[in-house]
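Could you put together the complete structure from these sequences and hints?
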Amino acid sequence: MSARDEILSAVRANLPKLDKPLPWVPMFDDSAPVSLLAAFRESLLAMGGDFLDVPPGEDPLQAIRQRLAKAKVVCSATSEVTGNRPLSRVRVPQDLADVDIGVVRAAFAVAETGSICLTDGGLGVNALGYLSQHLIALLDPADIVPNLHHAYKRPEFEQGHYATFHTGPSATADIEGVLIHGAQGVRSLTVVPVPRPADYAQRVQPPSTRT
Amino acid sequence: MSDTHAPVQAAGRMLHPELAAASDESEVKNGRRLDHAEGTSHPIRPSSAPEPQPRGARIRGNHRISQSEAANRFIAAPQHEKMHDERLWDLRQKRDRVMHRIPEWEELRSLASAIKEHTLTHLDEYLDRFEANARTNGIHVHWARDGAEHNRIVHDILLDHGAASLIKSKSMLTEECGFRDYMASVGIKVIETDLGERIQQLDNEDPSHVVVPAVHKLRTDVAQVFAKTLGTDAGNSNVHYLAEAQREATRPLILEADAGMTGANFVVAETGTFVVCTNEGNADLSANVPKLHIASIGIEKIIPRLEHLAVFVRLLSRSALGSPMTQYTSHFRGPRAGGEMHVVLVDNGRSKRLGMEEFWTSLKCIRCGACMNTCPVYRRSGGLSYGATYSGPIGLIIDPTFNRHKYSALPFSSTLNGSCTNVCPVKINIHEQIAAWRKVMAEHHELPLIKKSAMKAAGALLARPTLYRAAIASADVALNVLPHFVIYNRLNAWGKHREVPHAPRQTFHAWYRNNRGTP
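Protein chains in written order, with our numbering: chain H, -17 to 193; chain V, 12 to 530.
Hints listed in this document are in silico derivations from the structure and should not be mistaken for laboratory results.
Virtual Cβ for every residue (Gly too), placed ideally from N, Cα, C.
Check before you lean on any hint, since a few could be wrong.
[Said to hold, decoys possible] Restraint-style ranges between C-beta atoms, simulated for each label pair:
| hint | chain 1 | residue 1 | chain 2 | residue 2 | range |
| --- | --- | --- | --- | --- | --- |
| 1 | V | E80 | H | K(-1) | 35 to 43 Å |
| 2 | V | Y252 | H | R73 | 33 to 41 Å |
| 3 | V | A143 | H | R71 | 37 to 45 Å |
| 4 | H | A(-5) | V | L170 | 27 to 35 Å |
[Unchecked claim] Calculated lysine to any residue pairs in the SDA-like style (CA-CA distance at most 25 Å, straight line):
| hint | chain 1 | residue 1 | chain 2 | residue 2 |
| --- | --- | --- | --- | --- |
| 5 | H | K135 | V | H133 |
| 6 | H | K2 | V | H129 |
| 7 | V | K375 | H | L0 |
| 8 | H | K(-1) | V | F370 |
| 9 | H | K54 | V | L264 |
| 10 | H | K(-1) | V | K450 |
| 11 | V | K93 | V | N215 |
| 12 | V | K200 | V | K302 |
| 13 | H | K(-1) | V | K438 |
| 14 | V | K93 | V | A33 |
| 15 | H | K(-1) | V | E142 |
| 16 | V | K40 | H | L43 |
| 17 | H | K54 | V | R262 |
| 18 | H | K(-1) | V | E136 |
| 19 | H | K135 | V | S121 |
| 20 | H | K135 | V | R316 |
| 21 | H | K135 | V | E136 |
| 22 | H | K2 | V | K438 |
| 23 | H | K52 | V | K40 |
| 24 | V | K450 | V | T426 |
| 25 | H | K52 | H | Q115 |
| 26 | H | K135 | V | L317 |
| 27 | V | K438 | H | L4 |
| 28 | H | K2 | V | E443 |
| 29 | V | K40 | H | S17 |
| 30 | V | K40 | H | P175 |
| 31 | V | K375 | H | F139 |
| 32 | V | K40 | H | Q48 |
[Unchecked claim] One-sided excerpt, in silico: chain V residues whose CB lies under 10 Å from chain H:
| hint | residue |
| --- | --- |
| 33 | R43 |
| 34 | G50 |
| 35 | L119 |
| 36 | M367 |
Structural data, given as structure tokens:
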């Protein structure tokens, strides 16, 4: 018998003979915050992330450009921000090893936890979210859901091959509980409120489903 | 909500106030002190000169592990013992604080327990469904009956790709399988990428905790390990320096690796997805940099649908570290363009455990470590004292399923206070299973000698109610009047390093007789 068949038949032979129905899971959104953006921002800051507060009337992209001006290598997977390491020239993930700042667009965010969701379609090359020293994520304030129950109803988890929640930057406190950002991945994560461009949906087809 | 930074105020609710540190080394951002991930909620430092690190249980083949022997050596190193106790108790307190912010917390625990029990009682169907969906998405699915088969399968995949080096994220399953030792024996270089796990690998020691693998070590221990292996300055134990040195040393290894490996925290049958949670982003580097990604997954990790995943993700990091979410929660559904993805589904005793009437619900475990953080025995003896892959309360009920004789003394390393059961996010009745394992050990004549003679005396007493009542009455008096050395003698292992409670002036039975007449 193959290992598969042997394991499955051992499982079948040992299944507890008990009636255990699958419970229904509520959305737990009765006390959802009034301002999803304010709640998201607060949760993100508590997880070590940064949020770029843009004064009314000012262009958030201008503030990003100022920050990028100081970086040597910038790789952007967004149409709003132009870097100097085009994704089209990245042949293997290792080509991103020297990126100072990566720029991506979040598919959506979660107020409860301060998480942003990045997908393979939005990242272009998944490793951009991890090999970059710093990460900037554009987020449409209209794309925030109250909690994880709502998050898992989103289509992103059934479309591409990779979807990930980033909740602040890479962090460790493995030595004496001292909290340090940039354990292995990005040293900082900055979320910037920027509405989505109209053609966003077409551009973020996951690479795995592109023909 | 940021907690107070003032060490003086923090000291008030510390187990060991002398550890309160005047200066703070943790990240401060936008004027707030951060304590997400496994960061402490207030600054702590060992209070005196460094001491050598106590080592774990003595392991000799199939001999019975003596947890209490190793625990004694841990307690004899007070700097280590106090820091360990304090850090884990702090994680427990952080857990309580985030729990109180979720009104539906108890409902989530009940849901998590019910979802797992449903899935485990239909495990064959859900495994079948996951396999079919994963294959449709382009994942290669393998099955391994035990650790040895798992290691051979992974080795074969690596050989097929001519891979000689592998970067991996932490996985308790690969610890179960003895994976690193096997790979070393066949000449494959394995590099752990979680900081704590990397420290343990470089020190040739097992992880001591399922979530914080090097929690039993002090910065001075890490400085020594890194000086020997990474060439850092042995005299510099600054935590930021050590962490940065490790980042710089590991990065080239990540970029050059031929293959990457992760475990999985959850597997979703409906979508063929596996989910990996880390704080460092190291699993995502392991999965997304090399072309080849292999995931080793225990068959009990499966849940039916995405809506169920929400329940578990909300519970996992809050229970483990008191942090609302791990920094990274990644969902893998298929290979990257140009990449290859393999999943190895591993049994290694799980199907057998499913058939154990009293113990099958231990398969609900999501490896959060909350039971370890709250356990007074674990906090004061260190995870390595258990001499097994799983330590703490969950270890006491899982380890004997792997080797009943070798781990026969472990179920006695508990006070049966039930705190583990109270914090378990999936409601495993851990302390009841510990008690049940003691019974199993007695039935199979696996009782340690001291327990045996104590039990014999207790058995004779408990069989005769009048004798029992007389004994209790005099024992309560004895607790108050007997000299210390009688209670704290060598035969009473639990008296060591512990104060006995004040005995009530009257037994319950005497009180009842006086107040309610003759029963």
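Enumerate the violated hints, using their earlier numbering and listing them in ascending order.
Violated hints: none at all, because every hint is consistent with the structure.
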